[in-house]
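Colleague: Counting from 1, position 290 in the sequence shown corresponds to residue 290 in UniProt numbering; the numbering is continuous, with no gaps.
If you are wondering where the hints come from, they were derived from the structure by calculation, not from laboratory data.
There may be inaccurate statements among the hints.
16 Å max Cα-Cα, derived EDC-like pairs, lysine to aspartate or glutamate [unchecked claim]:
1) 335 - 313
2) 273 - 339
3) 335 - 320
4) 343 - 290
5) 334 - 322
6) 273 - 345
7) 203 - 318
8) 252 - 115
9) 334 - 358
10) 131 - 243
11) 334 - 347
12) 335 - 325
13) 273 - 393
14) 334 - 361
15) 334 - 316
16) 334 - 357
17) 343 - 289
18) 203 - 159
19) 335 - 318
20) 237 - 299
21) 335 - 316
22) 334 - 302
23) 335 - 347
24) 273 - 347
25) 273 - 380
Simulated restraints on C-beta separations [to be verified]:
26) 272 - 136: 37 to 45 Å
27) 381 - 318: 50 to 58 Å
28) 252 - 130: 15 to 23 Å
29) 137 - 382: 32 to 40 Å
30) 115 - 234: 44 to 52 Å
31) 343 - 127: 50 to 58 Å
From the three backbone atoms N, C-alpha and C, an ideal C-beta is built for every residue, glycine too.
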Amino acid sequence: MPLPPRIEIENEHSTNTAHSVSSILLTSNNYQQQQQQENTLSQLNPEYPLPKQEPLQGKVENLQQHKALETSDFWPPKGQKLQQDDMNQLTVGSVNQLTVNSISSEYSSTTNIDEYINRLLDAGYSSKVSKTLCLRHSEVTAICRAVMDIFLSQPSLLELSPPVKVVGDTHGQYTDLIRLFEMGGFPPSANYLFLGDYVDRGKQSLETILLLFCYKIKYPENFFLLRGNHECANVTKVYGFYDECKRRLSAKMWRTFVDVFNTLPIAALVAGKIFCVHGGLSPSLHSMDEIRNIQRPTDVPDYGLLNDLLWSDPAEIEGDWEDNERGVSYVFGKKVINEFLSKFDLDLVCRAHMVVEDGYEFFANRSLVTVFSAPNYCGEFDNFGAIMSVNEELLCSFELLTPADHPLAKERLKQNKISNGNINSNNNKR
C-alpha cells in the first residue's frame with residue numbers, strides 16, 4: 001500500500017489558500033453530470049449560466065423516492081398535479097424542471113445571491129445573535145429550492161480533483177464558520193468540501209446552513225457539502241435545529257430544510273485516493289457503485305449502508321466490527337481500514353463526526369484522520385477546530401482554529417470588526 005499523504009500543520013494566521021475558479025467536480029464513467037437548470041440558478045446567481053454539460057440519463061425508479069417526493073413541501077409544485085403514469089416516467093431532470101416552474105414567478109423579486117451572502121456575513125460579524133433571521137421566509141424557501149436542484153444534479157459519490165480544503169463538523173457555530181473562512185479563504189479563493197453536521201447544538205444553525213447553501217448556489221462546482229448524521233428529521237427534531245426553525249422561522253420551514261437534507265450527497269473521492277465521508281466505513285460497502293447508486297431524496301434508514309456511512313466510528317478493537325456505543329451502527333478496527341484502502345487503492349480515509357482535542361486526529365498509522373471544525377464545541381470541550389488542505393500533490397496540511405474564547409481569537413475578531421466595516425462588499429475578492 002502506498003505511503004499515506006505527508007502532513008504539515010499551520011496555525012490560524014496562515015495565509016495558505018488554493019485559488020481556483022475552475023470546476024473540481026470530475027465526471028466519471030458511471031455518471032454524467034446533470035445539465036444545470038438555468039431558470040432557477042439565473043434567478044439567484046448573476047454569473048450564471050455555467051458551461052453546459054450532458055444531461056443525466058436515467059429514471060428515478062425507486063418507489064420510496066417517489067413517496068418522498070410526494071410528501072415533500074416541494075412536491076407537487078403549486079398549481080400542478082402528477083398522474084401516476086407520469087410518476088413512473090419521472091427523471092431527475094423532470095423533478096428539477098417542475099421545481100423551476102413552480103418557483104420562477106413567486107421568487108423573481110428575490111434574485112440576488114450576493115445580497116443574501118452579504119446579509120448573512122453581516123450577521124456573522126454582529127456582536128449578538130438576532131432573534132430574527134436576516135433573510136425573509138420567501139428568500140429562505142427560494143434558496144432551499146435552488147440548492148436542492150443542484151444537489152440532485154450531482155452524484156451521491158462526488159469525485160473531486162485537488163486542491164480542496166476539507167472541513168468537519170460546524171454544528172451551528174456561525175461565528176466560528178466565519179473565522180474558518182477568514183483562515184482558509186472565502187470562496188472562490190479556495191475549493192471546499194464540508195463533511196456534514198452543519199446544524200444542531202450551536203446557536204446559529206440557520207445562518208450556518210444558509211450561508212453554506214448560498215455558496216453552493218454561487219459556486220456549484222467548487223463548493224461541496226456532504227450529509228452528516230445530523231442532517232435528518234429525527235436528529236434535528238431533538239438536538240436544536242427544529243426548535244430554532246420554529247422560533248425564528250416556522251415549523252414548516254424546518255420540514256423544507258429536511259427535504260433539502262434528503263438530497264445531500266453522501267461521500268467524496270479526492271483524486272481517487274482520499275475517501276471522504278461524515279462517519280466511517282460499513283460492512284455493507286463492497287463497491288463504490290453502491291454509494292453512487294444511493295437514490296435521493298432519501299431519509300436515513302435505521303441500519304444499512306447509508307446509516308453506517310453517517311454514523312460509524314473507528315475504534316481500538318481486536319476484531320473487525322463491534323456495536324457502536326452510540327446505539328447506532330458499528331465501530332471498526334485497523335484491519336477493516338487497511339483492507340478497505342487496499343481493496344479500493346486508496347491512501348487515506350477522512351471523516352468527521354467526533355470531537356477531537358486538536359481539531360484533527362490520526363488513527364491506524366495515519367490511514368484514517370478525523371477532522372472536527374467546531375472549536376470549543378458546545379462551550380465545553382476547549383478543543384481546536386481544523387481544516388485539512390489537500391494540494392495537487394496530495395500533500396495534506398492542517399490549519400488550526402483556536403477556541404472562540406481564546407485571547408488570540410477575541411483580539412482577531414475585534415480587529416476584523418474595526419478594519420472591515422464593509423467587509424461584505426469585497427468578500428468575493430478574497
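Colleague: Against each hint, give a clear statement of whether it holds in the structure.
Modeller: Hint check:
Note on residue 335 and residue 313: the hinted pairing holds, with a Cα-Cα distance of about 14 Å set against a maximum of 16 Å. Annotation: proposed proximity of residue 273 to residue 339 holds, straight-line Cα distance about 14 Å (limit 16 Å). A hinted pair counts as satisfied when its Cα atoms are at most 16 Å apart, and residue 335 with residue 320 qualifies at roughly 6 Å. In summary, the hint linking residue 343 to residue 290 is supported, as the alpha carbons are separated by about 15 Å, within the 16 Å threshold.
Under the criterion of a C-alpha separation no larger than 16 Å, the hint pairing residue 334 with residue 322 is consistent with the structure, at around 13 Å. In summary, the hint linking residue 273 to residue 345 is supported, as the alpha carbons are separated by about 7 Å, within the 16 Å threshold. For a cut-off of 16 Å, the pair hint linking residue 203 to residue 318 is broken: about 40 Å separates their Cα positions. Distance hint between residue 252 and residue 115 is unfulfilled; the C-alpha atoms sit about 25 Å from each other, more than 16 Å.
Taking the CA atoms of residue 334 and residue 358, the gap is about 21 Å. The hint is violated against a cut of 16 Å. Restraint check for residue 131 and residue 243: satisfied, since their Cα atoms lie roughly 13 Å apart, inside the 16 Å limit. Of the supplied pair hints, the one linking residue 334 and residue 347 holds, its CA atoms being roughly 14 Å apart against a limit of 16 Å. A hinted pair counts as satisfied when its Cα atoms are at most 16 Å apart, and residue 335 with residue 325 does not qualify at roughly 20 Å.
For the given pair, residue 273 sits about 11 Å from residue 393 by alpha-carbon distance, which is consistent with the 16 Å threshold. Using a Cα cut-off of 16 Å, the hinted pair residue 334 and residue 361 holds, with the two alpha carbons roughly 15 Å apart. With a C-alpha separation of about 7 Å, the suggested pairing of residue 334 with residue 316 holds against the 16 Å cut-off. As the CA atoms of residue 334 and residue 357 are separated by approximately 21 Å, the hinted pair breaks the 16 Å bound.
Note on residue 343 and residue 289: the hinted pairing holds, with a Cα-Cα distance of about 14 Å set against a maximum of 16 Å. Proximity of residue 203 to residue 159 is assessed by CA-CA distance (about 33 Å); at most 16 Å being required, the pair is judged violated. Between residue 335 and residue 318 the alpha-carbon distance is near 9 Å, which keeps this suggested pair within the 16 Å criterion. Proximity of residue 237 to residue 299 is assessed by CA-CA distance (about 14 Å); at most 16 Å being required, the pair is judged to hold.
Straight-line distance between C-alpha atoms of residue 335 and residue 316 comes to about 10 Å, which keeps the hinted pair within the 16 Å bound. Restraint check for residue 334 and residue 302: the C-alpha separation of about 25 Å exceeds 16 Å, so the hint is violated. Proposed proximity of residue 335 and residue 347 is supported: the alpha carbons are some 14 Å apart, at most 16 Å. Between residue 273 and residue 347 the alpha-carbon distance is near 5 Å, which keeps this suggested pair within the 16 Å criterion.
For a cut-off of 16 Å, the pair hint linking residue 273 to residue 380 is broken: about 35 Å separates their Cα positions. Restraint check, residue 272 to residue 136: a C-beta distance of roughly 43 Å satisfies the suggested window 37 to 45 Å. A C-beta distance of roughly 29 Å is found between residue 381 and residue 318, which places it outside the suggested range of 50 to 58 Å. For the pair residue 252 and residue 130, the beta carbons lie near 21 Å from each other, so the given range of 15 to 23 Å is met.
For residue 137 and residue 382, the hinted distance range of 32 to 40 Å is satisfied, since their beta carbons lie about 37 Å from each other. The supplied range of 44 to 52 Å is broken by residue 115 and residue 234, whose beta-carbon atoms lie about 34 Å from each other. The beta-carbon spacing between residue 343 and residue 127, approximately 52 Å, falls within the hinted interval of 50 to 58 Å.
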